[in-house]
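Protein chains in written order, with this note's numbering: chain A, 1 to 470; chain B, 471 to 908.
Some hints here could point you the wrong way.
[What the hints assert, rightly or not] With a straight-line Cα cutoff of 25 Å, these simulated DSS-like cross-link-like pairs (lysine-lysine) come out:
hint: 1; chain 1: B; residue 1: Lys736; chain 2: A; residue 2: Lys229
hint: 2; chain 1: A; residue 1: Lys90; chain 2: B; residue 2: Lys603
hint: 3; chain 1: B; residue 1: Lys875; chain 2: B; residue 2: Lys738
[As the list claims (entries may be wrong)] Now the stretches of chain A that chain B is said to cover, found in silico as 3 or more residues with beta-carbon under 8 Å:
hint: 4; stretch: 239-248
hint: 5; stretch: 351-362
hint: 6; stretch: 372-383
To be clear, the hints were calculated from the coordinates, so they are not data collected in a lab.
Using N, Cα and C, we set each Cβ at its ideal position, and we do this for glycine too.
Listed below, chain by chain, are the residues.
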Amino acid sequence: MSNFFEKSDLSRGEAENIISETLQKCDDGELYLENSKSESILLDDNKIKNSNYTSDLGFGFRAISGEIVAYSHSNEISKNSLKQSSDNLKSTLKSAKGTYNHAIPKSNKKYYENINPIEQKSLNEKIKILNDVNEYIRSKNNDVKQVTANFLGEQKSIEIIRSGGETLSDVRPLIRFNVSVMLEKNGRKETGVYGIGGRQSYDSYLKEDNWKNVCDEALRIASVNLESKPAPAGEMKVVLGPGWPAILIHEAVGHGLEGDFNRKKTSAFHNLMGQKVASEGVTIVDDGTIDNRRGSLTIDDEGTPTEKTVLIENGVLKNFMQDRLNARLMNTRSTGSGRRENYRHVVLPRMRNTMMLSGKQTQEEMIKSVDKGIFAVSFGGGQVDITSGKFVFNCTEAYEIINGKIGSPIKGATLIGDGPSILKEVSMVGNDMMLDPGIGTCGKAGQGVPVGVAQPSILINKMTVGGTKL
Amino acid sequence: MVKDQEFLEKKALYCLGLAKKLGATQSSVVVNNSVSETVNFRNKKLDESNRSDDLGINITTYIGKKKSSISSSNLLNDNLNTLMEKCVETTKNTPEDEFNSLPDKDLLAKTIKDLNLFDDTHVENDQKIDYLKKLEASASDDKRIINTESSFSENKSNFILANSDGFCNGYKTSSFTASSVTVAKDEKSMERDYEYTNKCFLKDLDDAEELGKLAATQTIRKLSPKKIGSEKISVIFDKRIAKGMLSTFASAISASAVSRGTSFLKDKINQNIFSKRINIIDKPDILKGLGSRYFDSEGVKTETLKLVDQGTLKHYLIDTYNGKKLNLKSNGRCGGTSNLYFDNGNISFKDLLNLNSKSIYITETIGHGSNIVTGDYSVGATGFLVEQGEFKYPINEITIAGNFKDMFKNITLANDLEFKYATNSPTMMIDGMVVAGK
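Bound conformation, chain A alone (with noise of 0.2 Å):
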């Protein structure tokens, strides 16, 4: 752990009567230290191009009276700088009048280890790794023309120092590996994409046989696209394939229920509580207490325990996600959805490991119904806008299905859809619910957040496909 006080010519003693002292009359605030360690070691090109390590520390000051939020934030751990944060704070809010609510649930459960994993493998090490993978993937297809791979390790220790001197801190280690690949024939280009990660240490994680997967798996992908076709154009049915595809719940209604949205009402699911928004057998939990995953965390950034969440329960809307400002404005409890990138940012209600259940059918089951459509295993990105509701993703591998077969490879499209009605399009669920690999990072208001999805194969009954053959 931190010491966030021993450099600083700040004690603990003097930074907790500023903090109660500027909270006086806010209804709840803290201050937040961070100090978090990283590196990235990028092998490209035959070589390593980049060696970076960074060390990041500061810390955010906030306060909140009503649904006024005053923040502050500084690189320097001083008597002058949290000063100067606590008067910019006070400035705001001058008018402030409510009651501190020390109330915070405590647990003393742990889902991942105290552990540094940048320092459990020296430089050395990780190098041959990223060298080796260049080499098997070189060795594997003669039409490699670029490798890409890269490791990426962080450590963050923070602390949050609640009014009254109430202390909260978690240690947090986070470990990525990606490969991208791309080959040429014919004068065709397409790259794979693959990764892997978690909150644990590269030693559990990286075996041989685990990295030898990840590239097998970006060359696997890039092979199918060498040979993929136009897309086709306009609605049709959709299989999504088991584990990463659910980024397609984390778009299409993940981001529609978290609780500033629908506080402000700006959500398409704002007056939706209780109805039924999702075909019956449809469920999604946001949970957070799965060990080691990308999304879990033991408290979240206001010191609040995490949970596992149901938001939609066979089909029926239940609960929203929610931090303390907005539970506290919407008459709830916070669900330790209240996250922040870092202490330059604001805390907001954020997604961790959003994941639809199991069903019944099986993903043979989904295909051989369908006579015309797609069958998407694997996606970039995507994005939504919460208030009209419009969700897209971008595919990349995707099959076309011809009379309940698989045909051939279709290049990379978007698929655009409806968040609010998609789930009641949704028509088969399937046995067969996967985690995703532990790569996906979340983007709101610009902030990054490392988030984890969940999902079994689902045939949606009618998206649009952004291809380019009508």
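Since the structure of chain A is provided, determine the placement of chain B on it from the hints.
Just chain B now, kept in the frame of chain A:
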């Protein structure tokens, strides 16, 4: 207040000295500080105030052809000592790369003329609040507007770039930004749109009432959208979307993408990639320009480049490392383009709408559908159906798709270029795109 040159320079030179002492043969350092203050309003009331003070240092050390870098936000000498040791140690253990080096000395920027990039004016929070009150009053004037969010932000930055070849320079920049996001509702739909203004100088900022009104108008006209059928059609891109085509073009001609072979524009130098009517310019020395700079992020001087001249690709965007790989000299584009724009076309906006009896006008795209390896493009979109030069009705839940190689050849530009962002395009029409809808 943003930290002065003297403070930043002292830190930079301290690190360069330390690097040398620890055995680095070359090194470069960037130290920056930015202070910004933002006030947000929602539904005519104060919602959030945010002050940020960011310090950062980025150090790259070389030992011969070995290189590695570190960055930190903790500028205490104690911490810098530890980090520098780690950096040099890592450099020793990183394999050599023959193309690693600082920029050629003769390419470094020497003379600097003032481009007017810093406005010292400080806007007190109360002034920001006044501006936002006016903005929100005008934005929420129409009953169909059910939610307004707006923001006013002031940002001041300063930096120093120094390297072991004696380069040591930096400058202050400022920006003032105001934005308005509105949500409108009718029986059938709820829609959101926005408008914003971003300027180097406070006095150049758009009028608050106009900004709010524009955001509201643009939102209301999106209400009750329809979905259209799938067809091949001419697509007109609003300026705020058209500029994205330039950004894709810029990533595809970066020396990095070209040298790695991962760009659909590799080996296209001196070839026609656009129609003859198209010129693309990157001009770093526009007074008060949002993308203006005195040198690139390695200290290399920057000059205006006509990247595309009458449809022909004339330059890649070259930095030192990738330049050496391609056997080309840096043209001062490490860190990308500066003020990038299409020259005006020769017809008016109105005439552009009238070029076809039916077309669609796109005001927003969603998704990350540009693939610079293959040139494939496919994104979600919202906009309007245009018939006989008139906006008929709003459309949504469609996608538009094509391949940049074809799209670039089929661009027609209006003559309504304005410098609102760092990258700017007039209104653009592309013929023969595929729209997928019903």
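Query raised in the report: In ascending order, which of the hints set out earlier in this document are inconsistent with the structure?
Result: 4, 5
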